[in-house]
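So the sequences go chain by chain: A and B.
This note's numbering numbers the first residue of the first sequence as 1 and each following residue consecutively.
This note's numbering numbers the first residue of the second sequence as 1 and each following residue consecutively.
There's no promise every hint is true.
Dumping the calculated PhoX-like pairs for lysine-lysine here, alpha-carbon to alpha-carbon at most 25 angstroms [what the hints assert, rightly or not]:
no. : chain 1 : residue 1 : chain 2 : residue 2
1   : B       : K85       : A       : K46
2   : B       : K146      : B       : K168
3   : B       : K370      : B       : K230
4   : B       : K146      : A       : K46
5   : A       : K212      : A       : K192
6   : B       : K163      : B       : K370
7   : B       : K265      : B       : K163
8   : B       : K226      : A       : K46
9   : B       : K185      : B       : K172
A few chain B residues that face chain A, going by a derived Cβ cut-off under 10 angstroms, partial list only [unchecked claim]:
no. : residue
10  : A110
11  : L115
12  : T402
What the hints contain is simulated information worked out from the structure, not anything from laboratory work.
Keep in mind the model is a prediction, meaning the values are calculated, not measured.
Positions of the beta carbon are idealized from the N, C-alpha and C atoms, including for glycine.
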Amino acid sequence: MTTSRRAAARSSATAWAFTAPYALLLLAFGVAPAVYAIYESFTSAKNPGSLGLDSYAMVLHDFRFWPAIGNVALFMVIWIPVMVCGTILLALLLHERVGRLSSTMRLIFFLPGAVTGSAAVLLWYFMLDPQVSPFAPALHAMGLHNSIDVFTSSHLAPIFALVAFITGVGQWIVVMFGALQGIPEELIESAKLDGAGPFGTALLIKLPLIRKYVIYMMILAFAAALQIFVEPSLFYSITQSGSAWWSLNQLGFAFAFGQGDFAQAATVSVILLVLSAAAALFLVFRTDFFKTEVES
Amino acid sequence: MSPNQLSRGRTKAAAAAVLLAATLLALSACSGGAPAQTKAADDPNATLLVWTDATRQTGFEAFQKANPDVKMKIETYDPAALLTKIQLFNRSGSGWPDVVFSQSPDDAAALSSSLYNFTAPLDSLVPQDVQKNFGTANDTCKISGKLVCLKNDLAQDVLWYNKPVMDKFGYKLPTTWDEYQALGKKVAAEHPGYIIGAAGDVNIYYDYLWSSGCPLQTVVNETEVKINTKDPKCTRVADMIDPLLANGSVAKASPFSPDVAALGKAQKVLMIPAASWFGDFVFKPAASFGTPEGVIAAAPMPTWSGESTNYSGAQGGGVYMVSQHSKNTAGAAKIAQWMATSTDYQATAPTYPAYGPAATAWAARLATDKFYAQNPFPVLQDAAGKINPAENPTRYGISAVTATVVAAITSGKSVASSLADLQTQLAGLAQSTGYAVTQ
C-alpha cells in the first residue's frame, strides 16, 4: 500500500516537474493578463474608481464596433473554410504518393510561412499592386490597372484571406501530413483489398482518422482569425484602404492608444476572449476531441 | 492514481493557479498607478531626452554642437507610436522624453489634454518678443489659453503647377474654384490622362475641405467642437470635385501612390493644390516625381465662391513640445525654442519656417534654387497668413476622412455620398475623446 502510494507520489511529482515551467509561463503571460483585462474591462476611463458595465455599454454602442464585427466575420467566413478544406486537400494529395515529389512540394508549401507576418504583408502588397507587381499582366487581364482597383475596401477581406491562407497553409500541411503518417499501414492495405480507390481511402478511411487534428486546427484558426491585426493595419497604412478600426483587435488598439481608454480596450479583448473560448468549447464538447483511449 | 486522488490533485492545482493569478494581479495593479503630480525643482544638469523624426535630427545635432555643455540624448522614434508610448509612460510613471518633435499638430491637442497630461505650458518659458515674432503661426499651439507647443513649420497650401506644359496647352491659372472645375473639364476633354489634383488620400481634407472651411475640426472650447458636413462649405467642395473625379482630371489615387508618381514622372501632373513642402519633397526627389529643373512653379490658391479671401488649408506643420515631467523644463524649452527660431538652422530646413525672421532667411535659399521655374516664396509667404482658421487641432484625428470620403473616392463613389458617414464617424470619434458635438 505504502509503496504504491509512494510510487504514485513520485510519478505525480515528475508530472509536476514537467508541466511546471509551462504552467508558470502560462499563468504569468496568459492567465494573469487575462484576469487583469477582465478586471480592467469593468473600470471606466470617464469615472475612474467606479466598477460597472459602463465600458461594455460604450463599446457596444460605438459606431466602430459592429462594422468591425462584420469585417472580421466576413474574413472568417472566407478564410476558415478555404484554410481547412485547402489544407486537408493538399495534405491528402501529398500523402497519396509519398516520395521525393511529395516532400519537395511540402517544403514549397511551407516556405511562404517562413516569412514573418508583417514582411509577408509587404510582399503581398508589391505582388498585388499593378504598378509594381511582377504579375502585372495577370492583374491587368483581370481588369485591375492600378492600386485603387485592387485595394478597394470591398476587396480587403478576400485579400487578407488570401494572404493568411498562403502564409499559413504550409505549417498545417506539415501537421496534417504527420497525422496521416500515423495511420497504420495495414488499415490502408485492407481498405485497398476491400476495393477502395484513392478517393474512397482518402474520404472514408484517412479523413475520419485525422478529424481530431482538423478540429484542433479549426479551434486555432478561429482564434487567429478573430484576432486579425497585422494585415489590416499594414494595408491601411500603406494603401489608406480600410480604416484604423477595420478589425476588432485594431479597434482595441485604437481605444487604448488613440484615445487613451484602457477600459474599453480591455472590454474588446474580453469580448474576443469570450468569443474564441465559446467556439473552442463548442468544438470540444460537441465532438469527441478530448476523449482519449485511456479514459474510455 | 485513483480518480479521487486525481480530482484532489486538480483542485489543489486550481487553487494554486487562482492564488498565483491573484498575486500577479495585485502586483500589476500596484505598478500601474497614475503618474505623480508633484514635481521637484528644475535640475539644470539633468540629461534631456529628445525625440525627433529623421528630418529634424540634423537640427538637434546642430544645437548640441553649438551648446556642447547641454547634456542631451537624441533619439528618433516612430511617429505612429507617440501617443501609445506616452500612455505607457503615464502608466509606468517614468520614461517620458523631455522634448518631442511631432509632424502632426493634432498630437499637441491630445498630449495637452487631461487624458495625457504631458505638455508643459511654454507661456513663461519662451520670451515674449520671441512669441510675438511667430505672428499668427503659433495660434494653433494655444490650447485652452495656454501655449502648449512651438510651431516648426507651416504647411500652407499653394497651387503647384507645371509651367511649360500649362504654357504649351495655353491654359490660364484658375483664380476661383469654379475656374478650377472648368479647367478640369477642359483637361479631361482635350488632354485626357493629365491631372489637376489627386484626392485619394486624407489630403482631400487638407487641400480642399479645409481651405473651404468645412467644419470638421472647429473647436468651440476645450469640451465642444462643431462638426457639420451638411454645411454649404462642405457640400460646395463635393459639388466642385465630384465631376472632376468622374472625368479623371482629378486622380482617385493618393498623391503618394505609385500611380500618381508615374504620372508625375511623365510630367502629366498639370497642377495640384498641395502643401508648401510638396515642391522639395514630392516634385523634386528622383524617387518621387523626379521633375527636372525649371518646370515647377507655385500659384496662389483659388478662391471659393462667396469668399473674399483665397484661403489655404494645411497639411502638417510640425510642433515642438516640452514634457511637464522633465527634470529640466527650462533646458528643454530652450532646445525647443532654438529649433523653432534659430535662423542658422531654419534657413537650411526643408520646410517653410513658422518663425517670421527664420522664414525671411529661408527665402534666400529658395531665390537661388534652380529647381523652380519661378521663385515660389512670395506665393508661399502670402498663403502662410491665409490658413483658414476654421480648423484647429483636436484630440480626435481626422482619419475618419480616410474611412469614409477617401474610401468612397477610391471605390468610384461620389464625395457627396460619403458626407453623411463622415458626420457619423467624426462625431462618434469626437464624443469618444470627450467633446460635445454641435452642428
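25 angstroms Cα cutoff - pair K146/B, K46/A: 24 angstroms, holds
Holds or violated: A110/B as interface residue toward chain A, Cβ cutoff 10 angstroms? 8 angstroms, holds
Should the interface hint for T402/B be scored as holding, given a Cβ-Cβ cut-off of 10 angstroms against chain A? Hint on T402/B: holds, closest Cβ of chain A at ~5 angstroms, below 10 angstroms.
Verify the proposed pairing of K85/B with K46/A, using a straight-line Cα cut of 25 angstroms. 21 angstroms, holds
Given the hinted pair K226/B and K46/A, is their alpha-carbon gap at most 25 angstroms? 22 angstroms, holds
Supplied contact hint for L115/B, tested at 10 angstroms Cβ to chain A: At about 4 angstroms, which falls below the 10 angstroms cut-off, the nearest Cβ of chain A leaves the hint on L115/B intact, so it holds.
Sort out whether K172/B lies within 25 angstroms of K185/B, counting only the CA atoms. Holds, because 14 angstroms separates the two Cα atoms, which is no more than 25 angstroms.
Taken at face value, is the distance from the CA of K370/B to the CA of K163/B at most 25 angstroms? 14 angstroms, holds
If you draw a straight line from the CA of K265/B to the CA of K163/B, is it 25 angstroms or shorter? 15 angstroms, holds
Does the alpha-carbon distance linking K146/B and K168/B stay inside the 25 angstroms limit? Distance ~52 angstroms between K146/B and K168/B Cα, so the pair is violated.
Given the hinted pair K212/A and K192/A, is their alpha-carbon gap at most 25 angstroms? 24 angstroms, holds
Pair hint outcome, K370/B versus K230/B [Cα-Cα no greater than 25 angstroms]: Violated, at about 45 angstroms.
This entry does not satisfy hints 2, 3, going by the numbered hints stated previously.
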